[in-house]
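Chains as they are written, first to last, in numbering that gives the first Met the number 0: chain A, 0 to 524; chain B, 0 to 210.
Hints listed in this document are in silico derivations from the structure and should not be mistaken for laboratory results.
Glycine included, each C-beta is placed from N, C-alpha and C at the ideal position.
It is possible that some hints are incorrect.
Some, not all, of what chain B presents toward chain A, calculated at C-beta under 7 Å [stated by the list, open to error]: (1) E18; (2) P106; (3) E146; (4) N147; (5) P157; (6) P158; (7) N159; (8) P164; (9) G169; (10) P172; (11) R174; (12) G182; (13) W183; (14) V185.
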Amino acid sequence: MSVSFPYTYYACSCADNTSTQEKRVSQEPQSAQDEDERTFDPRSRRSNFSLYPIEHLLYCTECHEMRCPRCVTEEVICWYCPNCLFEAPSSTIKQEGHRCSRNCFNCPICTSPLSVNSLEQPDPPPDDKPANKFGGPYILHCPYCAWSTLDIGITFPRPSNITGQLAKTLNGGLPRPPRDRKPSSSLKRSDPPTTHHLDDLPSPTSDTSTSSSPEPPSARTPDPQDRYHHLLAFYKHQLSTSDAALLPGTTSTSASELGPGSPSSIARLLHMYGSSIRSRAPESGPSPMREAATPEEGLLIYDAAAEAADDATIRAMQTTAWDTHASVSQRLDATNRHARAVDDLRPISPLLRTKRAKRCGACRQILAKPEGKVTSVRSKIKLLALQNLPKLSIKPLASPSTMPPPGTSAAGRPTSTLLTTFSSPTLALPALSPSSPFALRPLTTTHYLLTLTNPLYDSIRVHLAAPSALRGRHGAGSRVTILCPQFEVGANTDRRKKGERERVEKVRREEAFWTVLGVGRIVGL
Amino acid sequence: MSSRQSSSRSKAPKGEYIETDSGNKVSRKANISGTANITLGGRTVIMADVNLRGDLHRLPSSTDEPSAKPSSTSTHAISIGKHTVISPRCILHPPHRVHRGATQYYPLKIGDNVFVGPGCVVSAAAIASHVYVGEGSVLMPFCMIRENVRILPGSVVPPNMVVPPGSVVGGRPARVLGEVGEGWGVNVAGAGGAEMWVEGGDLRELVRSVK
């Protein structure tokens with residue numbers, strides 16, 4: 000993977016018209032002007048999205064095309080937590096969402112993983128049992144930035160099931176008021192609650208509303224999760240009642256069925272976003288569902304209290320220090336998007352990651368399929384562009400002071416640069432970035448070596464071309480001269496070892512004014 | 000390792016590297032302490048000014064009481080696999096934590112074909128195989144790097160972080176930024192000279208080229 004200055008990216012042709020691409024491939028470069036207009040322009044803003052290093056490219060053996068991440072379709076093989084590397088079954092994903100429900104937490108300040116620490120004094124109790132040597136309250140502590148849940152006033156009595164304990168505690172250490180069940184009871188909910196969210200608590204009482212408790216301003220507004228549950232219960236209730244109303248057998252108009260307010264579409268949405276819903280989707284919906292109208296149904300009313308809360312937030316922003324406010328990235332990471340102060344942030348469960356199989360977007364052939372186990376790094380199928388396309392690599396050939404003259408064989412050269420870089424400890428920072436001696440300078444000619452590696456068992460003919468004059472902000476006035484525009488790369492000779500290669504080196508010279516390399520194209524096979 | 004070192008010292012007295020019987024190349028300028036607690040898997044390069052702190056090994060269960068199990072496994076401090084390159088000025092420092100008032104060291108394991116760039120500080124609990132650590136990175140204590148991981152230069156991997164297989168991490172503190180492509184470590188050139196080694200691939204050629 001090349002990241003230092005002379006690097007090679009491959010342009011996937013999936014974005015533009017492939018038919019012209021084909022024509023271009025078969026065409027001989029007789030009209031340079033015409034060619035120039037149709038060649039790939041690396042400076043186009045759009046081309047950023049179709050340039051990839053070859054390691055990221057796949058090759059469809061059916062279509063005989065390279066496939067970039069934009070033109071493959073992906074299928075999730077498994078979900079896993081990046082922290083504990085446990086696979087989460089897909090049923091859990093549907094019910095509990097895409098965050099790890101184990102004891103993994105990330106710091107809301109700096110995103111590094113939190114560890115469970117005991118607050119007990121480390122006076123060694125004489126018993127030598129390693130299991131319960133530390134008692135007392137526990138905290139989640141960030142070893143990187145020293146943030147801990149003490150900063151938001153939360154301690155845990157037990158070191159296990161932190162997720163459950165955290166869900167029961169508000170910031171500041173107060174227990175979370177039990178979830179208000181009034182709306183569902185007042186709506187005569189017919190179906191039992193089927194959601195099992197992380198913080199779903201059995202709550203017998205239904206007296207308090209969160210907006211009445213005297214707490215920091217953010218806590219005065221109803222908890223977003225509570226609101227979500229209210230809305231969910233409300234919509235479920237509506238679904239069930241509209242289901243019941245439908246039973247007399249009314250005829251449906253398709254317009255009302257497809258409208259955004261119709262029960263069927265809302266049921267679809269709930270199926271998509273919510274958990275499993277018992278009620279079947281109604282066949283037709285004469286009466287569109289109404290929206291939530293009361294706070295019990297999940298409506299958020301901007302009233303005097305909310306205004307006062309906003310004012311308090313603004314006042315706090317004016318008076319308190321800068322670092323007491325959550326930064327934009329911290330707010331984006333937080334599960335509670337209404338958190339404005341650092342004190343409102345809570346430990347974040349890490350997002351699950353996926354292992355994905357990739358298919359060709361055109362012919363649906365599987366291009367890459369990793370093994371199902373989380374920790375396994377092998378793959379069952381892997382059709383790489385590296386094994387089917389010639390690999391181009393550009394290396395600076397000469398900085399005449401440090402490099403050998405261009406006549407020597409290329410075999411040992413990068414090794415020698417490596418050694419000059421590495422083996423002398425006196426070379427400090429400049430030696431650290433290997434591209435620095437080879438960076439382009441104005442009014443100097445820089446030589447580059449373009450190496451093509453042919454992985455195929457047939458020889459290929461290569462035509463290189465560069466624009467006659469470089470356009471653009473930085474390239475203006477500079478020229479790229481290709482010393483050998485046509486050559487042949489022999490076949491991959493070693494059939495025993497798939498990977499042996501034949502190399503042809505061509506010197507590519509650049510008359511640099513202040514320039515960037517032009518793009519050579521491979522024409523024909 | 001110490002015995003191999005001394006035996007092979009006579010073979011190549013002039014070069015910068017001392018080559019052991021199993022092909023390990025250890026620079027004469029490397030600072031290695033506690034060689035008895037260091038294992039090199041073979042064909043591994045330790046470059047100049049690398050600090051290998053093999054003396055920081057796990058002590059018997061308690062510091063004050065000489066336990067009955069000072070076994071060989073417990074005194075391993077650093078173990079490095081095959082074809083691994085440790086670049087100049089790296090510090091390999093086994094992770095430690097304060098355990099009931101006493102500092103306890105834990106072994107540091109590095110797998111095969113790992114490239115650790117110049118000037119890194121490595122206190123990881125484990126680095127799996129085919130990992131590329133960019134220059135100037137800091138792997139803080141007890142982080143675990145899984146297979147096929149690329150760590151961007153200058154990143155600081157926070158303590159206890161587990162880097163999932165096949166990911167690209169970077170930043171301070173490091174977070175997972177993306178995934179390495181499917182072609183990570185695949186070398187078309189195969190046995191084609193040292194110039195064609197790729198990050199995360201087989202580093203045998205690179206090791207061979209070090210003289």
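Hints, verified against the model:
1. E18: violated, 15 Å
2. P106: violated, 18 Å
3. E146: This hint holds: E146 of chain B lies near chain A, its Cβ roughly 4 Å from the closest one there, short of 7 Å.
4. N147: holds, 5 Å
5. P157: Since chain A brings a Cβ to about 3 Å from P157 of chain B, closer than 7 Å, the hint holds.
6. P158: holds, 4 Å
7. N159: holds, 5 Å
8. P164: This interface hint holds because 5 Å falls under the 7 Å limit.
9. G169: With a minimum Cβ separation of about 11 Å from chain A (threshold 7 Å), the hint on G169 of chain B is violated.
10. P172: P172 of chain B check passes; min Cβ-Cβ to chain A is 4 Å, inside 7 Å.
11. R174: holds, 5 Å
12. G182: holds, 4 Å
13. W183: The hint holds - W183 of chain B has a Cβ within 7 Å of chain A, the shortest such distance being about 6 Å.
14. V185: Holds - the Cβ of V185 of chain B comes within 7 Å of chain A, reaching about 5 Å at its closest.
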